[in-house]
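**Q** As a plain string of letters, each chain reads:
2 protein chains.
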Amino acid sequence: MEPKNLKHSTINLGHGSGGVMTRDLLDDIIFTTFDNPLLNQKHDGSIVKFDTEIAISTDSFVVSPIFFKGGNIGELAVNGTVNDVAMCGAIPKYLSLAFIIEEGLEMEQFVRIVKSVKEAADKSGVQIITGDTKVVERGKGDKIFINTTGFGAVHPKSRIAAGNIKAGDRIIINGNIAQHGMAIMSEREGLEFESSIESDTTNVNHLVKELLDVFGEDIHLFRDPTRGGMASVLSEISHDIGMGIKIFENDFPLEKQVAAACEILGLDPLYVANEGVFISIVEETIAEQVLNMMKKDPKGVNARCIGYITEEHPKKVVMQSSIGGNRMVSPLIGEQLPRIC
Amino acid sequence: MEPKNLKHSTINLGHGSGGVMTRDLLDDIIFTTFDNPLLNQKHDGSIVKFDTEIAISTDSFVVSPIFFKGGNIGELAVNGTVNDVAMCGAIPKYLSLAFIIEEGLEMEQFVRIVKSVKEAADKSGVQIITGDTKVVERGKGDKIFINTTGFGAVHPKSRIAAGNIKAGDRIIINGNIAQHGMAIMSEREGLEFESSIESDTTNVNHLVKELLDVFGEDIHLFRDPTRGGMASVLSEISHDIGMGIKIFENDFPLEKQVAAACEILGLDPLYVANEGVFISIVEETIAEQVLNMMKKDPKGVNARCIGYITEEHPKKVVMQSSIGGNRMVSPLIGEQLPRIC
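Going down the list, the protein sequences come from chains A and B. My numbering numbers the first residue of the first sequence as 1132 and each following residue consecutively. My numbering numbers the first residue of the second sequence as 1132 and each following residue consecutively.
These are calculated hints, taken from the structure and not from any lab test. All of these numbers come straight from a predicted model, not from anything done at the bench. Among the hints, a few may not be true.
All copies of an identical chain are treated as equivalent in the list; a pair is satisfied when it fits inside any one copy or across any two copies.
List time: in silico DSSO-like cross-link candidates among lysine-lysine, alpha-carbon distance up to 27 Å [unchecked claim]: (1) Lys1173 / Lys1447; (2) Lys1138 / Lys1447; (3) Lys1387 / Lys1426; (4) Lys1297 / Lys1173; (5) Lys1288 / Lys1173; (6) Lys1180 / Lys1288; (7) Lys1200 / Lys1430; (8) Lys1446 / Lys1173; (9) Lys1340 / Lys1180.
Just chain A, same shape as in the assembly (with noise of 0.2 Å):
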């Protein structure tokens, strides 16, 4: 990155004008960060070609604190996209990338937050294919909000479909929960926990891509657990399978500090916004299979499989307690932690 004409040390409505300082802006740090022939038509869209079907996801991202231990709003409106485009048993290719921008943002930020969804894209293997940059005035946004909109070629194995979803199927998750709710609130509130509670922000789509070569349709369902967190997915898939779902709360991968931060504050994990986690739904009789390849993989590490889908009392989520009782869990009732993502 080179500027050639970077003179301000914020972002001023002019950005937005649609004039030379928004040709400019573009020309300084969105091309010359993401350069690739597709952006480069500069264009008012870029074409691309699929000879697959092709799955695509869009999310708004306006989370706050826009730094965050682990991560910042840029990467996170990388992985976030990524992420959901993976979870339709697709690869994710391209992106669009939208910013709304408050005036007055400073310059060494923005400059931050692009290096960072450049990064991420790059993990990702995803190129940012065409944008737009919006300024409103100072207090009618909140420094920067980001549009993502992700493109992915479905593969060819993936059979990814709430009907396909059958009593006995496994709930096997990723890796630890509610570490980046945790991480945003500790920022929040500055709790003496915060050091050590990191947003876990990742892209999944890589090991998602490995266990669809894998396992192909034996695999049912891909969800991630972001906002409304493990309570609120786990609650809708159930709603949407017209079946039960029973889940171990012993099961659920918990780091110590996270848990104990989440008692402070009086949260429930389940409740809490995830970034990097993910559930596969999955044939019962490849359950042990797909935690040992999850396992070998950075973003698996800590999976476990968490429960079951049951002909039992449909449309609820059951959970056993750590001391053996049941009890059901609802989604999320009115808001927890706003703008988490």
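Mind docking chain B on chain A? Use the hints.
**A** Just chain B now, kept in the frame of chain A:
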């Protein structure tokens, strides 16, 4: 649209939680309005198939006010992206739709906006296939921002590329300039003429398709002069192709009352944003036929040839003014009308 659970008169943070309130909002408003099999997958994304090249374009809309004479942010967000996809020489087919809502937005306004999105999507022939809803605290946004990302099949006869432009090519515009920007300005300033100036927000994709059907590769470029207006877009093109552009002030179609409003506010209509306007840069030999075809379309009745490409004054736009002199047209410097789209 038959709300089942709609209990709130305003949007609140819980509507962005990812939990029960988000689900209810989606069920009540989004899924009932946009009801289609792709969206109804209710997965993290949507799966589609294209047999052609795909044009992709993204835009975030932050217009203020969100309702204005001639339209609102909802239809603007559809038309803007639909037109950007069309400008790539493609036939828009799908849109993603992502909201960033400020806590406190009236539910009735949100519903009206969503209905406008649906109507505009129907008119353009596009489907909303995936989306996202985030809510930020009061004072951290401004009512509602919308991102749409559009996907279209590249027209088989399209050979749109700035590289195909050559000296002698004619520049044709489909309609009156400066309407959108002045409609927004009039609202903001509360000017007396506000009653009669309407935004020109509309979809031009059907007209673009007709042009490509008939003229194919003889059309070298489409471009819509939104933010930054005609002046910025022409300057950009001239700069990109390394040739000059000659335009004629008298040939620009401009409503009298819009011209008057520009004069009162001291604005040059060449720099004012448009929404339903696009330029076509075409072979000299077909210019007359293109004009004739446009004039038969409701969205091209005011079509005019406004200038041509020239080997003279490379990278510069020169305008012959109404009184006969020549002046250089620079792109927009600074910001004239923030948050126009």
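**Q** Confirm or reject each hint.
**A** Going through the hints against the structure:
no. : hint              : result
1   : Lys1173 / Lys1447 : between (50 Å within a copy, 19 Å between copies)
2   : Lys1138 / Lys1447 : between (58 Å within a copy, 24 Å between copies)
3   : Lys1387 / Lys1426 : within (20 Å within a copy, 71 Å between copies)
4   : Lys1297 / Lys1173 : between (48 Å within a copy, 19 Å between copies)
5   : Lys1288 / Lys1173 : between (35 Å within a copy, 21 Å between copies)
6   : Lys1180 / Lys1288 : both (20 Å within a copy, 16 Å between copies)
7   : Lys1200 / Lys1430 : within (18 Å within a copy, 52 Å between copies)
8   : Lys1446 / Lys1173 : between (49 Å within a copy, 16 Å between copies)
9   : Lys1340 / Lys1180 : both (20 Å within a copy, 20 Å between copies)
Figure legend: structure checked against the earlier numbered hints; every hint is met.
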